[in-house]
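**Q** These are the residues of each chain, in order.
Protein chains: 4
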Amino acid sequence: MIDVTIIGASGYTGGELIRLLEKHEKVRITGVSSRKYDGEAVYKVHQNLRGSDLVFKNLKPEDIDADLVFTATPHGYSMKIVPELVESGIKVIDLSGDYRFRDFSVYEKYYGLKHTNPLDAVYGLPEIYRSDIKKATLVANPGCFPTGAILSSFVLSKMGIVDRLVFDSKTGVSGGGISPNEAFHFPNVYDNVNPYNIVGHRHGPEIQEELKEFSNVLVSFTPHLVPVIRGILTTCHGFSNNINKSNDVTDFNVEDIHEEYKKQFKDEIFVKVLDIGEIPKLSSVRGSNFAHIGGFEVDETGRLVIISAIDNLVKGASGQAIHNMNIMFGFKEDESISHYGLAP
Amino acid sequence: MIDVTIIGASGYTGGELIRLLEKHEKVRITGVSSRKYDGEAVYKVHQNLRGSDLVFKNLKPEDIDADLVFTATPHGYSMKIVPELVESGIKVIDLSGDYRFRDFSVYEKYYGLKHTNPLDAVYGLPEIYRSDIKKATLVANPGCFPTGAILSSFVLSKMGIVDRLVFDSKTGVSGGGISPNEAFHFPNVYDNVNPYNIVGHRHGPEIQEELKEFSNVLVSFTPHLVPVIRGILTTCHGFSNNINKSNDVTDFNVEDIHEEYKKQFKDEIFVKVLDIGEIPKLSSVRGSNFAHIGGFEVDETGRLVIISAIDNLVKGASGQAIHNMNIMFGFKEDESISHYGLAP
Amino acid sequence: MIDVTIIGASGYTGGELIRLLEKHEKVRITGVSSRKYDGEAVYKVHQNLRGSDLVFKNLKPEDIDADLVFTATPHGYSMKIVPELVESGIKVIDLSGDYRFRDFSVYEKYYGLKHTNPLDAVYGLPEIYRSDIKKATLVANPGCFPTGAILSSFVLSKMGIVDRLVFDSKTGVSGGGISPNEAFHFPNVYDNVNPYNIVGHRHGPEIQEELKEFSNVLVSFTPHLVPVIRGILTTCHGFSNNINKSNDVTDFNVEDIHEEYKKQFKDEIFVKVLDIGEIPKLSSVRGSNFAHIGGFEVDETGRLVIISAIDNLVKGASGQAIHNMNIMFGFKEDESISHYGLAP
Amino acid sequence: MIDVTIIGASGYTGGELIRLLEKHEKVRITGVSSRKYDGEAVYKVHQNLRGSDLVFKNLKPEDIDADLVFTATPHGYSMKIVPELVESGIKVIDLSGDYRFRDFSVYEKYYGLKHTNPLDAVYGLPEIYRSDIKKATLVANPGCFPTGAILSSFVLSKMGIVDRLVFDSKTGVSGGGISPNEAFHFPNVYDNVNPYNIVGHRHGPEIQEELKEFSNVLVSFTPHLVPVIRGILTTCHGFSNNINKSNDVTDFNVEDIHEEYKKQFKDEIFVKVLDIGEIPKLSSVRGSNFAHIGGFEVDETGRLVIISAIDNLVKGASGQAIHNMNIMFGFKEDESISHYGLAP
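Going down the list, the protein sequences come from chains Z, H, B and E. Quick note: the first sequence uses UniProt numbering, first residue 1, plus one each step. Quick note: the second sequence uses UniProt numbering, first residue 1, plus one each step. Quick note: the third sequence uses UniProt numbering, first residue 1, plus one each step. Quick note: the fourth sequence uses UniProt numbering, first residue 1, plus one each step.
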């Protein structure tokens with residue numbers, strides 16, 4: 001049994017952490033911090049959590065006595081509190097972007113912020129970095145888009161068979177957070193599709209940095225807001241320079257590729273590789289920590305198409321954070337996150 | 001540990017039973033029956049259940065060896081198989097309408113079917129009939145609309161203070177089942193509201209029969225299809241004849257009424273009575289077995305308004321069925337159905 | 001040809017006025033006023049109006065030279081500018097609530113505002129007040145909920161056969177305006193139903209005031225926000241005291257009632273009375289100035305159900321305002337608002 | 001004034017033709033044909049058209065006396081009736097895929113049908129083929145996806161600056177037609193994203209055939225079903241081989257490209273070229289015949305992104321068909337299709 005505190009508990013990812021951790025057999029939630037809702041019952045803000053006894057407190061880092069802290073705090077704020085927590089011997093899983101980059105200059109460029117407290121962190125994608133996570137003190141939980149994009153394609157990069165990947169992602173609105181704004185005003189989203197940051201979105205370089213660990217591949221990324229609450233569906237279009245030069249020859253062998261994906265994920269609880277031609281959809285993973293990967297088809301121009309589906313708040317955020325916690329503390333990997341997706 | 005079989009497992013309520021029962025510590029699913037999908041892996045139909053090893057079989061009643069059978073079968077079909085199961089000593093929870101009425105002539109009138117196999121059954125609303133359910137051999141799981149409507153109002157009927165109740169219900173589309181038809185064609189439902197069976201819906205007399213167990217009250221019911229997948233929100237408008245006669249005097253005392261609701265449900269895990277003026281919403285109970293009841297306001301004309309929200313597939317069907325099972329077999333009442341709603 | 005100015009042109013009703021008036025053969029839009037967007041092209045705010053040359057200006061009442069002004073301004077603001085406009089000889093159609101009530105004390109109670117500039121106005125529901133509108137200087141355009149509710153029921157009040165009416169309304173989100181807030185944050189509305197102001201909504205007394213012009217009837221009103229952009233579907237539950245006293249006898253004669261509705265609206269372009277048992281739906285009137293009225297059924301308890309569907313921004317606001325203008329200036333009544341609803 | 005008949009009038013594109021043509025000042029609708037609804041009032045099927053006097057008839061080609069026939073009939077059926085109509089001197093605009101391909105063997109491959117009646121037809125995209133359309137006897141109205149894709153990119157192909165284009169399209173459900181099926185069952189679409197035919201969709205070769213008229217470019221296409229009724233948003237990802245070879249140099253000059261688009265469409269009523277960085281969205285064109293084209297950004301890998309938005313039933317089908325008719329008969333090009341999009 002460990003003591004866990006959540007900072008930034010009034011947002012969507014904070015709410016998800018509480019929803020899942022309250023049912024975790026090895027976890028006691030000892031603090032849920034919110035500046036805005038200090039003293040308020042958690043269920044007044046997260047009304048789905050009616051039944052919980054938790055109450056928000058405005059906790060300072062120095063007040064916290066826990067084995068693990070989740071910082072579900074905004075970019076730029078995490079860096080202010082994480083170092084103090086780490087120094088005091090508390091393990092930290094940070095859900096912000098502050099510690100996701102190896103190269104902090106990339107962070108500073110894409111987040112438009114000076115990084116005042118760089119620290120070594122493990123990138124918390126268990127399917128790649130499990131052994132590092134086990135020993136980590138600070139885990140940088142991946143971004144939601146990068147989770148779906150990297151899972152759909154790092155095997156390709158490992159195989160060294162792609163030169164260019166275009167990730168065309170469709171995301172639910174919960175990725176934008178709990179605060180209302182014009183972009184998420186119901187009449188602006190419903191019955192609509194809104195591309196945004198069509199070039200230069202900050203999750204592009206995060207994907208790029210991870211994929212180039214395996215081989216040299218050019219990464220492009222464009223997100224679209226669709227009228228969905230949860231979920232990111234990523235369409236990964238893959239190209240090889242060999243193919244680009246010749247109209248007629250396709251040298252992607254989908255059977256080999258598919259075989260390699262099956263091998264890579266065969267012991268993974270949360271990644272399901274579908275059959276060739278089977279297509280993932282958001283409803284299959286809604287509310288769950290599963291990632292579904294499918295497609296595996298090549299068209300006449302030599303373009304390879306792979307599709308991944310995740311729940312942005314679970315596998316793309318809080319569920320993956322709990323998965324990381326389970327690994328760090330030697331718990332059963334799927335403890336409290338084993339449930340199936342909610343469909344229909 | 002008990003052995004459980006689900007008949008009609010390829011529909012939505014069947015899928016929900018599997019989703020929840022696979023995580024139940026005291027249950028082994030020994031059969032999932034479907035005529036249409038005989039031999040098919042369950043996850044090919046219920047794609048959210050990828051990871052399950054279950055395979056549909058076309059099971060005949062005589063093939064079934066189980067402690068409990070859930071019949072998630074269509075109205076009119078349950079009556080053909082339930083008696084044989086019951087006779088062979090298997091407990092049955094029937095999710096169809098076939099055994100919900102005390103008065104089978106009401107069933108025959110509203111379902112337009114001759115009832116060929118009447119049997120005594122317990123109406124499976126645990127908050128009213130827990131002690132009968134404990135001893136039951138056959139439980140008739142309540143309809144989705146009646147669950148929300150009765151929970152919102154049976155206390156009023158017990159108190160004997162209402163003469164007329166109008167239930168104006170808004171339901172998600174999953175209540176209509178997994179088979180496509182014109183009424184559930186996406187462009188007909190999205191961005192739309194469709195009232196249907198505005199008088200004479202078969203769930204009206206089911207509500208009426210239950211409420212009149214407590215006192216004499218006239219029940220009216222009108223359902224509306226809204227662009228939502230799961231959930232029933234019921235607006236219960238209550239009237240007293242005393243009030244109708246006089247414009248100025250309101251004799252509903254909301255504090256007393258609210259107090260009575262709090263008392264009635266104080267030991268119930270799944271029913272949450274909100275404060276006076278707090279309003280339930282579907283998102284708070286989505287995917288969960290909770291029922292939220294709120295509102296408790298009276299307008300200047302003496303109309304009392306109470307609102308209830310449930311997930312039609314969980315509290316309104318499969319979750320409640322599992323709750324009944326837990327009671328029948330002495331398990332923890334919320335085993336496998338204790339999780340919170342999925343919000344946002 | 002008349003000169004028309006719109007004050008408050010950057011909101012939804014302002015945008016609708018422009019959308020429709022730009023195609024009006026007898027209207028020249030001489031001003032579109034917005035404080036916030038002074039100097040901005042209209043199509044930058046209302047992106048569907050790309051192609052329009054109009055530019056927002058911050059117009060003061062004294063700057064306006066027009067035959068008619070639409071004030072699509074917030075409650076409380078209209079009363080500050082309408083009197084000056086009227087005095088200067090300009091006709092005004094006010095889309096706010098400021099001039100809708102005969103009894104200004106009701107306004108002050110329900111809007112929580114002191115009314116500083118009471119004026120006589122004609123209630124702009126053409127189907128009732130056409131002859132007054134023809135001669136009006138100031139028209140108070142009805143509220144969106146009252147438009148649907150009154151059209152569904154004033155015939156009943158005229159017939160003198162109902163003692164109580166309960167309007168249970170389901171509205172799209174555009175009724176809440178163009179400004180984002182928590183209630184209209186996409187994840188709070190989508191896949192959800194939100195009742196609000198379940199008693200005491202300010203549109204209740206507006207309905208009450210109009211219906212009691214015909215006979216004494218008690219009016220109750222409860223609105224619900226549904227995941228829809230446009231449209232109000234109103235379920236009108238009607239009761240007679242005679243019926244309340246006796247369980248068995250229904251004295252509503254739906255054929256007579258239906259006949260009376262047909263008669264009342266036979267020359268109305270915009271009100272369509274459906275056959276008995278036919279049910280209106282929002283998609284049939286989407287984007288149009290039509291009101292569909294249907295249902296006309298009585299249940300076993302003697303409750304009468306009538307359903308109306310309108311587009312809240314057109315028949316419930318800007319389209320009806322243009323209808324009023326057409327009447328005031330002797331134009332063809334359906335000029336620029338004759339198009340059908342957009343379905344699917 | 002011309003006489004027009006619509007065959008296949010009970011589907012979505014048929015309904016749209018009626019909705020728009022009934023307000024056309026130069027058109028008399030002399031026949032609306034439907035086998036299924038012979039004798040039924042049009043407004044019983046298309047309930048938004050309540051007010052129309054039209055009645056479906058089951059018309060044979062030989063019964064038709066008209067200046068123009070729209071065949072809104074299924075693929076494979078048009079080819080059976082179009083030749084007879086054309087021979088009898090009637091002009092035809094065919095909304096099916098039967099006459100869209102220059103190379104009928106491509107049609108046969110992708111539609112899986114033997115083409116029994118090949119005829120010369122003009123591809124009805126007015127922005128490219130206006131002068132041919134003016135003189136045409138048979139116009140093949142473009143597919144919905146090709147309309148959005150070609151408009152977003154034919155200028156690039158004309159400029160000869162792209163080697164590869166990937167069209168990642170997001171479509172509303174109305175593109176799938178009025179008949180319910182599993183793919184369009186509400187719970188399968190809502191809150192979900194469904195990619196389909198991720199390679200090999202029949203609209204890919206249609207786009208390819210048109211774009212290669214200008215220069216040699218490889219076309220890839222993947223459609224996704226999103227929870228939207230109307231609209232196709234196409235994300236066009238463009239690549240040049242020059243760029244692929246070098247990570248650092250971008251030789252797309254977006255200012256030049258944007259200038260070329262502005263020039264190309266400067267006299268087009270229905271195509272709006274947005275500023276560089278402005279992003280089209282479906283809500284801006286909903287229900288209208290407009291196409292919005294925007295984006296025009298290049299990322300660090302040299303990928304060019306252009307976005308187009310259309311209403312699939314209007315610019316992608318019936319509106320464009322009427323545009324073609326207006327050109328063929330010398331009417332004002334925007335007669336009956338000049339209205340703005342419906343937003344919010």
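Source of the hints: derived by calculation from the structure; they are not laboratory data. Any given hint could turn out to be false.
Claimed, not checked - Calculated lysine-lysine pairs in the DSS-like style (CA-CA distance at most 27 angstroms, straight line):
1. B:LYS44 / E:LYS114
2. H:LYS332 / Z:LYS332
3. H:LYS262 / Z:LYS262
4. E:LYS266 / B:LYS44
5. Z:LYS23 / H:LYS80
6. E:LYS114 / E:LYS80
7. Z:LYS23 / H:LYS36
8. B:LYS263 / E:LYS80
9. B:LYS23 / E:LYS80
10. B:LYS158 / B:LYS114
11. Z:LYS44 / H:LYS262
12. Z:LYS332 / H:LYS26
13. E:LYS60 / E:LYS36
14. B:LYS26 / E:LYS332
15. E:LYS23 / B:LYS262
16. Z:LYS262 / H:LYS23
17. Z:LYS263 / H:LYS44
18. Z:LYS266 / H:LYS44
19. E:LYS158 / B:LYS23
20. H:LYS57 / H:LYS109
21. B:LYS26 / E:LYS23
22. E:LYS36 / B:LYS23
23. H:LYS23 / Z:LYS26
24. H:LYS266 / Z:LYS44
25. Z:LYS262 / H:LYS44
26. E:LYS23 / B:LYS332
27. Z:LYS23 / H:LYS332
28. B:LYS26 / E:LYS26
29. E:LYS262 / B:LYS44
30. H:LYS26 / Z:LYS26
31. E:LYS80 / B:LYS332
32. B:LYS332 / E:LYS60
33. E:LYS109 / B:LYS266
34. E:LYS332 / B:LYS23
35. E:LYS109 / B:LYS23
36. H:LYS36 / Z:LYS332
All figures in this text were calculated on a predicted structure; none of them were measured in a lab.
**Q** All hints, please: hold or fail.
**A** Structure-based check of all given hints:
no.	hint	verdict
1	B:LYS44 / E:LYS114	violated, 49 angstroms
2	H:LYS332 / Z:LYS332	holds, 23 angstroms
3	H:LYS262 / Z:LYS262	violated, 53 angstroms
4	E:LYS266 / B:LYS44	holds, 19 angstroms
5	Z:LYS23 / H:LYS80	violated, 40 angstroms
6	E:LYS114 / E:LYS80	holds, 12 angstroms
7	Z:LYS23 / H:LYS36	violated, 37 angstroms
8	B:LYS263 / E:LYS80	violated, 48 angstroms
9	B:LYS23 / E:LYS80	violated, 40 angstroms
10	B:LYS158 / B:LYS114	violated, 33 angstroms
11	Z:LYS44 / H:LYS262	holds, 18 angstroms
12	Z:LYS332 / H:LYS26	holds, 20 angstroms
13	E:LYS60 / E:LYS36	holds, 13 angstroms
14	B:LYS26 / E:LYS332	holds, 20 angstroms
15	E:LYS23 / B:LYS262	holds, 26 angstroms
16	Z:LYS262 / H:LYS23	holds, 26 angstroms
17	Z:LYS263 / H:LYS44	holds, 21 angstroms
18	Z:LYS266 / H:LYS44	holds, 19 angstroms
19	E:LYS158 / B:LYS23	violated, 36 angstroms
20	H:LYS57 / H:LYS109	violated, 34 angstroms
21	B:LYS26 / E:LYS23	holds, 18 angstroms
22	E:LYS36 / B:LYS23	violated, 37 angstroms
23	H:LYS23 / Z:LYS26	holds, 18 angstroms
24	H:LYS266 / Z:LYS44	holds, 19 angstroms
25	Z:LYS262 / H:LYS44	holds, 18 angstroms
26	E:LYS23 / B:LYS332	holds, 15 angstroms
27	Z:LYS23 / H:LYS332	holds, 15 angstroms
28	B:LYS26 / E:LYS26	holds, 21 angstroms
29	E:LYS262 / B:LYS44	holds, 18 angstroms
30	H:LYS26 / Z:LYS26	holds, 21 angstroms
31	E:LYS80 / B:LYS332	violated, 45 angstroms
32	B:LYS332 / E:LYS60	violated, 39 angstroms
33	E:LYS109 / B:LYS266	violated, 55 angstroms
34	E:LYS332 / B:LYS23	holds, 15 angstroms
35	E:LYS109 / B:LYS23	violated, 46 angstroms
36	H:LYS36 / Z:LYS332	violated, 37 angstroms
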